[in-house]
Amino acid sequence: MTAPTEMTVDGAAIAEFTQHAHDLERELRKTIVGQHEVVRQVLIALFAGGHVLLEGVPGLGKTLLVRTIGDALTLHFSRIQFTPDLMPADIIGTTIVSEDVDGRRSLRFQAGPVFANLVLADEINRATPKTQSALLEAMQEQTVSVGDATRPLPRPFFVLATQNPLEMEGTYPLPEAQLDRFMFKVLVPFPRHAELEQILQRTIRPDAAEAPVSIADADDVLRMLRVARDVVVAPHLVTYAVRLTLATHPVETTAPPVVRQYVRHGASPRGMQALVAGAQVRALLENRFNVSREDLQDIALPALRHRLILGFEAQADGITAERIVNDVLAAVPFPRP
Amino acid sequence: MSAAAGEVALKAALRPWERRLRFESLERWLLRGASAAFGLASAVLLVGWFVPVPERDLRPWALAAFALAMLVAATIGLWPGRRARTAADLDTRLNFGDRLATAWSFRTSDTPIVDLQRRDALSYLTRGEPKRDLQWRPSRVEWAALGAATLITVLLLTTPSPQQRVLDEQAAQAAAVQQASAQLDTLRQQAEASATLSPDQLRQLDELLQQAQAQLKEAQTEQDAANVVARAQDQLGQQLGDPNADLRDEALAAMSETLAAEPQTKALGDALQREDPQAASQSIKDIADHADHLSDVERQSLARALQRAANVGRSDAKTSAALRDASQAVASNSNAQQALSQADTALRESIQASQSQAQLNVTQQQLRELQNRLASGQPVNSSADQPSAFGVVPDATAQALSSGTPVALDSGSASQTVSDPSNGEGGGAGNGSALNAYQQQAAPGAQAAENVFIPGRPNDSAGDQPQPVDQPFTVRGAPRPYRDVLNQYAQSSRDYVDRPDISPAVRDLVKQYFQDLEQGQ
Numbered sequence: 006m007t008a009p010t011e012m013t014v015d016g017a018a019i020a021e022f023t024q025h026a027h028d029l030e031r032e033l034r035k036t037i038v039g040q041h042e043v044v045r046q047v048l049i050a051l052f053a054g055g056h057v058l059l060e061g062v063p064g065l066g067k068t069l070l071v072r073t074i075g076d077a078l079t080l081h082f083s084r085i086q087f088t089p090d091l092m093p094a095d096i097i098g099t100t101i102v103s104e105d106v107d108g109r110r111s112l113r114f115q116a117g118p119v120f121a122n123l124v125l126a127d128e129i130n131r132a133t134p135k136t137q138s139a140l141l142e143a144m145q146e147q148t149v150s151v152g153d154a155t156r157p158l159p160r161p162f163f164v165l166a167t168q169n170p171l172e173m174e175g176t177y178p179l180p181e182a183q184l185d186r187f188m189f190k191v192l193v194p195f196p197r198h199a200e201l202e203q204i205l206q207r208t209i210r211p212d213a214a215e216a217p218v219s220i221a222d223a224d225d226v227l228r229m230l231r232v233a234r235d236v237v238v239a240p241h242l243v244t245y246a247v248r249l250t251l252a253t254h255p256v257e258t259t260a261p262p263v264v265r266q267y268v269r270h271g272a273s274p275r276g277m278q279a280l281v282a283g284a285q286v287r288a289l290l291e292n293r294f295n296v297s298r299e300d301l302q303d304i305a306l307p308a309l310r311h312r313l314i315l316g317f318e319a320q321a322d323g324i325t326a327e328r329i330v331n332d333v334l335a336a337v338p339f340p341r342p
Numbered sequence: 053m054s055a056a057a058g059e060v061a062l063k064a065a066l067r068p069w070e071r072r073l074r075f076e077s078l079e080r081w082l083l084r085g086a087s088a089a090f091g092l093a094s095a096v097l098l099v100g101w102f103v104p105v106p107e108r109d110l111r112p113w114a115l116a117a118f119a120l121a122m123l124v125a126a127t128i129g130l131w132p133g134r135r136a137r138t139a140a141d142l143d144t145r146l147n148f149g150d151r152l153a154t155a156w157s158f159r160t161s162d163t164p165i166v167d168l169q170r171r172d173a174l175s176y177l178t179r180g181e182p183k184r185d186l187q188w189r190p191s192r193v194e195w196a197a198l199g200a201a202t203l204i205t206v207l208l209l210t211t212p213s214p215q216q217r218v219l220d221e222q223a224a225q226a227a228a229v230q231q232a233s234a235q236l237d238t239l240r241q242q243a244e245a246s247a248t249l250s251p252d253q254l255r256q257l258d259e260l261l262q263q264a265q266a267q268l269k270e271a272q273t274e275q276d277a278a279n280v281v282a283r284a285q286d287q288l289g290q291q292l293g294d295p296n297a298d299l300r301d302e303a304l305a306a307m308s309e310t311l312a313a314e315p316q317t318k319a320l321g322d323a324l325q326r327e328d329p330q331a332a333s334q335s336i337k338d339i340a341d342h343a344d345h346l347s348d349v350e351r352q353s354l355a356r357a358l359q360r361a362a363n364v365g366r367s368d369a370k371t372s373a374a375l376r377d378a379s380q381a382v383a384s385n386s387n388a389q390q391a392l393s394q395a396d397t398a399l400r401e402s403i404q405a406s407q408s409q410a411q412l413n414v415t416q417q418q419l420r421e422l423q424n425r426l427a428s429g430q431p432v433n434s435s436a437d438q439p440s441a442f443g444v445v446p447d448a449t450a451q452a453l454s455s456g457t458p459v460a461l462d463s464g465s466a467s468q469t470v471s472d473p474s475n476g477e478g479g480g481a482g483n484g485s486a487l488n489a490y491q492q493q494a495a496p497g498a499q500a501a502e503n504v505f506i507p508g509r510p511n512d513s514a515g516d517q518p519q520p521v522d523q524p525f526t527v528r529g530a531p532r533p534y535r536d537v538l539n540q541y542a543q544s545s546r547d548y549v550d551r552p553d554i555s556p557a558v559r560d561l562v563k564q565y566f567q568d569l570e571q572g573q
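So the sequence lines, in the order shown, correspond to chains W and D. Numbering of the first sequence is given in our numbering, commencing with residue 6 and proceeding in unit increments. Numbering of the second sequence is given in our numbering, commencing with residue 53 and proceeding in unit increments.
Just chain D, with the same shape it has in the complex (with noise of 0.2 Å):
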C-alpha cells in the first residue's frame, strides 16, 4: 500500500469514528454546558439575594447566561478536532497502543515497516464497531453537578429574594419623592396661576421651587427628599419672607376694626377686613367724593377715624402715615382727594403685600407638611388631593362653588362643606367670594402659622357663619377663644420644633412654655 493510499483508507476508517466522538462529544458537552448553564443562571439570580436589584430585572439576564453556556458549549462540542488528537483518543479509548496515533504521524511514509504498522492499525480499526466501542455515560459527578445547579435555579426563581423588603421600601421612597417632585410643580403651577404674587415674588418662587425640584431628582430616600423641602422652606423664608408682615397685619386689623367702628369708615373697615383692595379703594373714593359735602362736624368726625385708625395702625408706618396726612387734610379740608388718594395707595400695597405675604406662608406652610410627611414616612397625597395654596381650584369644584351647590373639600384627612356665601347673612371672615373661602380655608396650616389673631372681638356672625369642623385656628377677623385653639397652636408648635434644624434648647423652651400654658388652663 502506497503511502497515500494508505492516508486516504486511514481516513476513511477513521471517518465513523470521528463521527462518534463528535456525538459524544457533543453529548458530553451539552451536558456540562447545561451544568454550567444553571450555575451561572444561578449566579446571576443570586445577585438579586445579595445586592438589591428586582428580580423581573436579573431573570432576562439569567436566560441570556443560560443561552450562551448552551451555545458556547455546543460550539465546543461541534468543534472539529484534529485528526492526530481524534487518533490518539481512540488509541486511548480502544486501548490500541498508539497504533492509530502513530499511523497518522507517518501517514507520508511508504516505509515497509510503516505500511506495516499501518496496516496493523487499520485492521485493528475495522475490527471495531463506532457505536459499540464507543459509549459515553456521564458519571455520577457530572448527573450530580446537573442536578444540583437545576435544583439551585428553581429554588431561586421560586423563592423571593431576601431583598424584595429593601426593593419594596426603595420603591415606596422613590415614589414618596416622586410625588413630592409633583407636589413642588403643583406648587409651581398654582403659583403661576396665582395674581396675589408680584412677578418678581412669582420669579423667586419659581426658582426656588425648581431648584428643589432638581435636588430632589437625585433624592434617594425620603430623608433626602425631606432635607431637600426643608431646604427649599428655610430659602423660601429667607428670600420672599416680610419681616414686617405680623405688624403690618396687626396694624392693618386693627385700623379695620377702628374704621368699621364708625358709620363713616365702616365700608372701608369692612374692605380692609376682608382685605378687599378693591372695595377699600372703592370706599376710599366714596369718602372722597363725599368729602366736599360734608359738614364740620361730619368732617371732623371722619378726620378722627381716620386719626384712630393711623393711631392704631402705627405698626404699618407707612400706611398710618397716609391715613394720618388723609385725617389732617380731611380735617383742614385742604387736598383731602390728593391725600385720600395716597392713604387709598398705601392701603392697597398694604392690603396687596399682606396678601401676598399670606400665600407665600401658606406655600411655606404646604412645604413644612411636605417635609414632615417625608420625613415621618406618612404617604405623599397626590396634588390632586391637595388644596390650592394660590386659590387656584379645580374646574369642577370652581363651578360647583360658583354655582352656589355645596362642596366637599378635602383638605388632608379632614373634610369641609363651604356654602355659597351670598347665603349667608354676617360679615368678617368667610364673606367674600367662594374662591375666597376656599383659599381661607384650604390652608389651615398656613394660618396656623400666620394668620393667628390672638386678640380681637368675638365674631358676631360666627352663628351665621359655617365654620371649619377642624379648623384649628381663627381666619383673619373671626377671632376664637384662646383655649379652644391652644391644644391645637401646642401640637403645631410641638411638630414645628421638632424639626431637626431647631436647636434642643428652643424646643424645650417651646414646648416647656405650651406645657405651662396647658396646665394653667
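So here's chain W without its partners, still in its complex pose (with noise of 0.2 Å):
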C-alpha cells in the first residue's frame, strides 16, 4: 500500500495538477497530429517524474514532442545529438582553465547539455556505451560527478531519449541497467492517414500551426509531482502490481507460460514502481483521486515491455515483449479485497 505523504494535498492542489496536465495535454496536441497515446504516455512520465525512451522511425515528430514539452512548460530545454564520437563530456561538462581579466587562471567547471530540465537525448543508441553510461548517475540520482565534485542537476529533471529501431549498423543498443532507468518506453507508431493528412495540410500552411502557449513553470511541475504521489493505491490494488511484477519472471510459479518459454529475466523492482506512479498520475487525468485496476493495466505496457529481457527464442519465434505483457495482464487475476 502506498501511503499518503506527509504532505497536504488538498483539492486546490489536485485541480490545478487536472488543470494544468489538461492544458498541456492539449496544446500539445496543437504541434503533435495524432499520436494521443504517445503524448498521454510522455505526459503521465513527465508528471511521474520518469524518463521516457521513445522509439520510432525518423520523422514521426519525436523530437519535436519534446521541444513542444519543453516550450509549454517553460523548463530549460536541451538537445544532445548522440554520434559515436560524442563523448561523456560533452554531455555532463568538464573542468577547463579559464583566465580572468586579470590574467590570473584557474579552473572552472563548465556544465554540459545534461544540465537542463528537460534534456532530449536524441538517437541515443548511436553514442557509445561509455557516453550512454554519462547518463546513468544523471537520470537515477540527478546528480553528475565531474571530478570529486558532486553537482545536482536542475530540478525538475527529465531525460526523453529517442532511438530509431531500423537503422542498427552503428548503433550500440542501450544495456540492461540504462534502459531501467527509463520509466516508460514509449513506441511512437507510423501515423494514419487522416493524420498524414493533417500534417500535410500544416506543412502546406505553417501559419495554420498555433504555437504552444506556456502552461506551467518548473514550480509548477514540482508541485505536480508531489500531488502525483499522493493519490491512494488500495492495498489490493499493490498486491495486483506486485503480482503483474512477478509473473513476468519465469521462475514464479504464477509466470504464464509464454514468459516461462521466452523471458530470461522479468522486470525489476523499479519498474513495479513505474507502475504504480504512472497509474498514480493516469488516475489523476481520468479525474480520479485513487489507483484503479485499469490505470495498472493501461500503464504496464510501456512501463514494463523494455525491462524484460528476453531469449533467443522469442526473436527466433517472433514473440515480442509487448506480446508477454498482455499475456501477462490476461494470465494475472485481480485480487479481491
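To be clear, the hints were calculated from the coordinates, so they are not data collected in a lab. Glycine residues also receive a C-beta, built at the ideal position from the N, C-alpha and C atoms. Mixed in with the good hints there might be a few duds.
For the chain W half of the interface with chain D, some residues (derived, Cβ under 8 Å), not all of them [stated by the list, open to error]:
1) Val14
2) Gly16
3) Glu200
Interface residues of chain W toward chain D, partial, derived using beta-carbon atoms under 8 Å [unchecked claim]:
4) Asp15
5) Ile19
6) Ala20
7) Arg234
8) Asp235
9) Val237
10) Pro240
11) His241
12) Leu242
13) Arg293
14) Asn295
15) Glu299
The task is to assemble the complex, starting from two chains supplied on their own in separate frames and drawing on the hints.
Structural data, given as C-alpha cells:
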C-alpha cells in the first residue's frame, strides 16, 4: 500500500494538477498531429518524474514532441544529438582552465547540456556505451559527478531519449541497466491516413499551426509531481501490481507459459515502481483520486516492455515484449480485497 | 469530513447496495442450487439404473439430496459477505474504477487526499440507484442447466428403471427362499408333532432342518436355496437313513403275507400289513393266550405258520429269529409265552422302525421336491398347501375326516378324495384310520421312492378301496401291475438322476435302463 505522504494535498492542488495536465495535453495536441497515446504516456511519465525512451522511425515528431513540452512548460530545454564520437564530457560538462581579466588562471566547471530541466537525448543508441552510461547517474541520482565534485541537476529533470529501431548499423543498443532507468518506453507508431493528411496541411500552410502557450513553469511541475505521489493506492491494487511484476519472471509459478518459455529475466522492482507511479498520474488524468486496476493495466505496457529480457527463442519465434506483457495481464487474476 | 464520519457515511451509502447484492446473490444461488439439486437428485435416481436398488428406496434419498442442495445454496446466497468485497464487487459492476474498495480500505484515514477520494466515491454511490443499476438476469447457460437437470429428473422419475426386472427376479427369488424356509419350518413342526419318530431321530432331524434354515438365511438365489435343501436332504439320508430299511420292509411284507394266509395268524398278518403295532401286539397276545389250549395239530400248525413267516422274513434277522424261537417254543409248548412276547417286541420294533423310516423318507422326498422346485424356478407352495409328512393334518381337515365327511386334499397339483375307511369293506391298504390313510396318500413322492412293492399279490379289495387318482405307486400292501407304474417310475427316476450330485454315468445308465423297459413294454 502506498501511504499518503505527509505533504498536504488538498483539492486545490489536485485541481491545479488536472488543470495543468489537461492544458498541457491540449497544447501538445495543437502541435503534434495524432499520437494521442504517445502524448498521454509521455505526460504521465513526466508528471511521475520519470524518463522516457521514445522509439520510432525518423520523422514521426519525436523531437518535436519533446521540444513542444519544453516550450509549454517553460522549462530549460537542451538537446543532445548522440553520435558515435560523442564523449561523456560533451554531455555532463568538464573542468576547464579559465583566465580572468587580471590574467589569473583558475579551473572552472563548464556544465554540459545535461544541466537542463528537459533533456532530449536524440538517437541515444548511436553513442558509445561509455557515453550512454554518462547519463546513468544523471537519470537516477539527478546529480553529476566530475572529478571530486558532485553537482545537482536542476529540478525537475527529465530525459527524453529517442532511438531508431531500423538503422541498427553503427549503433550501440542500450544496456539493460540503462534501459531500466527509463520509466517508460514509448513506441511511436506511424501516423494514420487522416493524420498524414493533417500533417501535410500544416506543412502547406505553416501559419495554420498554433504555437504552444506556456502552461506551467518548473515550480508548477514540481508541485504536480508531489500531488501525483499522493494519489491513493488500495492494498489489493498494490498486490495486483506485485503480481503483475512477479508474473514476468520465468521462475515464478504464477508466470504464464509464454513467460516461462521466452523470458530470460523479468521486470525489476524499479519497473513495479514505475507501474504504480504511472498509474497514480493516470488516475489524476482520469479525474480520480485513487488508482484503479485499469490504470495499472494501461501503464503496464510502457512501464514493463523494455524491462523484459527475452531469450533467443523469443527472437526466433517472433515473440515481442508487448505480446508477453499482454499475456501476463491476461493471466494474472485481479485480487479481491 | 473526519475519518469516523466518513466511515459512517460510507457504510450508510453502501447498505442499500449490499441488500440488493444479497438479494441478487440469493436469486443466483437458488437458481444454481436448483440446478445442482436436480442434478444431485438425478444422480441418486440414476443409481437405480445401474444398481438393482428399488426406486422407492432411492426417492427419499433423492429428495434429501435435493433439499440439502437447496439449503446449501440458500445459505451461501444469504451468507453476508465482507464489506470490502462488496465494495470491490460494486466497483466492478458499476464501473467505479476501484473507488469504493479504495475508500473502504482507507476508511480510517483522514488525510485530505483520502477525504477527497472518499467524497468522490460517495458521490458516485449516491448518484446510483441499486434496483436500477444492479440488475441480474440468469444467463442462457444457467437456464439451460436448470432445464436440463429438471428434465433429466422428471424422466428418471417417470421412466421405469431397467433394473426393475432384476429387482423383480430378486424379489421372487427372495420370496422363494423365504417360502422354502417356511416349508422347512413346517417340516420341523410336523416332526415335533409326529409320534413315530424316536426322540433321537426327532432331535437329529430338528437340528438338521434348523441348520438348513440358518443356511437359507444366507441364500440369495433359488439355486443357493436349492443347494442348501439338497445338502439337507443328503445329510438326512446319511444321518437318519437306514440301509436295511428295504430288506426289513420286504421281510415285514413277506411275513405279513405268510401269516395272513394262516387262519390262526391271519389277524397278526393283517395287523402287520397295516403296520399297526397295537393290533399286532394284541394278536400275538391272543395267540399266546390260546397257545396253552391248542391241540397238538393246531399248535404244530401255528408253529409252522410262525416258522414260515420266520423263513420268508429272513431279511429282518432279529424278527425272523424271534418268530423262529416262538415257533419252536410253540411247537415244543415250552416257554411259548415268553417267546411270543419276545416276538411281539421284535415285531413292534420292526414296525416302529419301518414307520419311522417311512416318515423320514417322506421328509426326504419333500425336501427333494422342494429342491427340484427351487432349482427349476417353479413356485414354492406355501406350507398350508403342503400335505403333512408326519400324519399331522390341519384341524379342519382332521375334523372332517374323523366325522366321515369326504374332503378334498390338495397334494401338489392333484386333488384326492378320501372317504372314511370305516365305510369300506376291504382290508389291506387303505384300511385303518382316516389319518393313516391321509398319511399314506399325502406323500406320494415318498412312497414312490421308498414304499414300493414290486412283487406281491393282486389286491383283492382294490375295487372296493378308493384308490388315488394319480397315485403313481401303490401303497403298502396294495401292489399294482408294474406296467401300470413303469412310466411314472421312469419319470421319477429321470427327475431323480437329473440332480447335480448324480454322476453322468449313473444318469445315463438309469435312463437307458428305463428306456429299455419302456421299449420292451
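Review point. What hint numbers does the structure not satisfy?
Key: Structure breaks hints 3, 6 and 7.
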